[in-house]
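Each protein sequence line maps, in turn, to chains G and A.
Okay, so the first sequence: first residue is 28 according to the numbering used here, each after it adds one.
Okay, so the second sequence: first residue is 28 according to the numbering used here, each after it adds one.
In short, the hints are calculated from the structure, not lab data.
Treat the hints with caution; some may be incorrect.
Because identical chains share one entry, a pair is satisfied inside a single copy or across any pair of copies.
Capping the alpha-carbon separation at 27 Å, the derived lysine-lysine pairs in DSS-like fashion look like this [said to hold, decoys possible]:
| no. | residue 1 | residue 2 |
| --- | --- | --- |
| 1 | K159 | K308 |
| 2 | K309 | K450 |
| 3 | K308 | K413 |
| 4 | K455 | K372 |
| 5 | K271 | K301 |
| 6 | K331 | K412 |
| 7 | K154 | K309 |
| 8 | K389 | K309 |
| 9 | K54 | K396 |
| 10 | K54 | K271 |
| 11 | K154 | K308 |
| 12 | K356 | K342 |
| 13 | K159 | K309 |
| 14 | K308 | K356 |
| 15 | K119 | K159 |
| 16 | K309 | K412 |
| 17 | K455 | K271 |
| 18 | K43 | K455 |
| 19 | K43 | K416 |
2 protein chains.
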Amino acid sequence: MKAYQELTKEELLTLKAELNAAYEDAKGKGLKLDMSRGKPAVNQLDMAMDFLDAVNSQSAMKAEDGMDVRNYGGLDGIPEAKKLMADILEVKPENVIVCGNASLTIMYDTVSRAMTHGILGNTPWCKLDHVKFLCPVPGYDRHFGITEHFGIEMINVPMTPEGPDMDLVEKLVSEDPAIKGIWCVPKYSNPQGYSYSDETVRRFAALTPAAPDFRIFWDNAYAIHHLYDDRQDQLLEILSECEKAGHPDMVFEFCSTSKVSFAGSGIAAIASSKANLDDMKKSMTIQTIGYDKINQLRHVRYFKDINGIREHMKKHAAIMRPKFEAVLKVLDEELGGLGIGSWTKPNGGYFISFDAMDGCAKAIVAKCKEAGVTLTGAGATFPYKKDPKDSNIRIAPSFPTPEEMAMATDLFVLCVKMVSVDKLLENK
Amino acid sequence: MKAYQELTKEELLTLKAELNAAYEDAKGKGLKLDMSRGKPAVNQLDMAMDFLDAVNSQSAMKAEDGMDVRNYGGLDGIPEAKKLMADILEVKPENVIVCGNASLTIMYDTVSRAMTHGILGNTPWCKLDHVKFLCPVPGYDRHFGITEHFGIEMINVPMTPEGPDMDLVEKLVSEDPAIKGIWCVPKYSNPQGYSYSDETVRRFAALTPAAPDFRIFWDNAYAIHHLYDDRQDQLLEILSECEKAGHPDMVFEFCSTSKVSFAGSGIAAIASSKANLDDMKKSMTIQTIGYDKINQLRHVRYFKDINGIREHMKKHAAIMRPKFEAVLKVLDEELGGLGIGSWTKPNGGYFISFDAMDGCAKAIVAKCKEAGVTLTGAGATFPYKKDPKDSNIRIAPSFPTPEEMAMATDLFVLCVKMVSVDKLLENK
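Isolated chain G, as found in the complex (with noise of 0.2 Å):
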């Protein structure tokens, strides 16, 4: 195949008309499938059904600590609850408390503690005039909408098949202490599915800030989402490494098992340092008296150990396997070569992401819409939902069926198609 780049006005005059037609067939066949959020698949919920009954009338309803899960208390969470999270984490359970249903409503609280109370006694963010994160992007829409939610303000750094730009983020954290934090989904990142190197890591951990309350939120959420066996991904783990680096306190990370049990019936974790945890402890047992343990204990039994929970998520991996296979085989097919378009092919975690020619991303994804694929919407992978290049595109491929998934790629294609060729147009 050309690359459409390559072609005349006439040709892509020709090509236009082609594709304007079957586009016009592809409307009159009423898709309606969304694509938009990773949302886990029906059958993926089937899958676990069991999962409700690993605590039932007949159950002992003690924690290994002796605590009776079913009343008041246990702020950090049940031991053996720590002991799985801390296993998925790969970090101690020490340095772990067990929350509620999920990773994100942690993040919001620990951005809103930092705001009202500051972290370790820094001054609360609330009382300063300049906060700032460091955003890598194409990134995750919900972390960029608590950071502006709280008004902080948001600086694009490039994202690279390693992890952020770290000359850039080592630059610029040094340099500014108004500069509080970053986000970072360092494992099957969404949306591109990158995991972060070995040195990134290392870097992170040697960053030497200008706020001493800068932290990295880490937000683990794809740790043991693997699609392959025997492809996986391997991340440093980042805890030891800002220890070993001089810097312990550096780190906040997250993880839940929304897509690994349920999806807003899970449970969530975050790690850190004694320190962290002792400060945040201080504004938590104002919260709450306890999270769900009940909830916790489930989780334990069910899935016994983290070998349990690996086991399981196999499963998973062969759910989601087809349906991204389904995306990129469509992708290599029909967009190879053709220059109007790349993407990546992640081993793991829950999205796929499309980059196209600068400023068509808006006009795909309102393509799609129109003929009935739902697509997040373009510039969501950006703060401010703001895409400078107007060019990347997120697909979340687990919801709908493979053979859906499909459809709902050659749609995408044929809108890519179309975007492009009237781009190309407009300089001929």
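Use these hints to put chain A onto chain G, whose structure you have.
Just chain A, lined up with the frame of chain G:
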């Protein structure tokens, strides 16, 4: 029995010797009893074990509106859970958001949000020099903990059997725009077990605050927690009273099922006007994708409806009543007519409030502790843990058995007598 105030110095000294001997005896018994917190007892928890079977691997997992409760979404709560919580509060489902496992967390988050984002477009409280809350006293230590944590100045307002001193509330609220809220436990108040009279509720609804963002924090924690079938307090519904009085946005109401299903694994809710809820959701939608809908469904499937909850609460009452009665019997028999203490006789809730002679509460709690009976710390029922008279003690009869409660109260009255005698001797 003669009042202690009428005893001569010699009589007091004789009494003191007898009491000391009894106390040494009591210490020898090696008691280890806790009446410090309003924790459900083990048999209350055992009673609800089949709650855990209400959702299991065979259950239909769709909510009434068709939403799959196992997946993301549903910020408000599932419709049937909204209805259930609305019925507990006697409000409309559209005025309710069902949240996570603890009303305490909703209250904390509500104050936190007011600090960082303000209420309905008003200045965020963290930008103000002075923010004050009224605190009916004695009251709930965890309420005061929240406002203290956020540096909000707390002003004591005396409680009466009809509710807070409304003359004072009206005066302060209408004069001082720095007063942004008042903590209320309007039914079976913590710790006195008082319920606000209709007149009190109407006067609340008719308040004309100097601050446009003044809110009544109406913690209806014991809405359905009666001790008797035939002696139940009734509380006027505040949302509709406020609406009638032309102040629809003046209340945030809270409740939970922590003392209905399981403490820590219940569901909590906030009720308020549509304007307030919409305002709140702007932050909530950043903080979470949704609360635990499976646990919401579990509640609805188990209790069915408000009648199911009422029947269940009768079983709780049957367990709680003998404990309250055991305490009250000892108090009546041992302290009646002595003039050294007064106490409340609630029809519901989780506490009995005891007022010792001024300056005696701390010493009584310490003496009890020394002999193996843990009470809520003296002063805990006041802001900053400072009881100006050092007289109030909260008794929490729920956790021990009735027999243990009788034993604990035997020791308690002994300590009250000892400390009172010492106090009276100071002035002889």
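Verification of the supplied hints:
1. K159 - K308: Cα proximity of K159 and K308: in one copy and across copies (25 Å, 25 Å).
2. K309 - K450: neither (56 Å within a copy, 37 Å between copies)
3. K308 - K413: This pair counts as between: shortest inter-copy Cα distance 23 Å, intra-copy 36 Å.
4. K455 - K372: neither (33 Å within a copy, 89 Å between copies)
5. K271 - K301: Within. Shortest intra-copy distance 15 Å satisfies the 27 Å Cα cut-off; inter-copy 52 Å does not.
6. K331 - K412: neither (41 Å within a copy, 43 Å between copies)
7. K154 - K309: Both ways: K154 and K309 sit 20 Å apart in one copy and 22 Å across, limit 27 Å.
8. K389 - K309: between (45 Å within a copy, 25 Å between copies)
9. K54 - K396: within (10 Å within a copy, 77 Å between copies)
10. K54 - K271: neither (58 Å within a copy, 52 Å between copies)
11. K154 - K308: For K154 and K308, both the intra-copy (22 Å) and inter-copy (25 Å) Cα distances are at most 27 Å.
12. K356 - K342: Cα proximity of K356 and K342: one copy only (22 Å, versus 61 Å across).
13. K159 - K309: both (25 Å within a copy, 22 Å between copies)
14. K308 - K356: neither (48 Å within a copy, 41 Å between copies)
15. K119 - K159: neither (31 Å within a copy, 42 Å between copies)
16. K309 - K412: between (35 Å within a copy, 17 Å between copies)
17. K455 - K271: Neither way: K455 and K271 sit 58 Å apart in one copy and 68 Å across, limit 27 Å.
18. K43 - K455: within (14 Å within a copy, 106 Å between copies)
19. K43 - K416: within (23 Å within a copy, 86 Å between copies)
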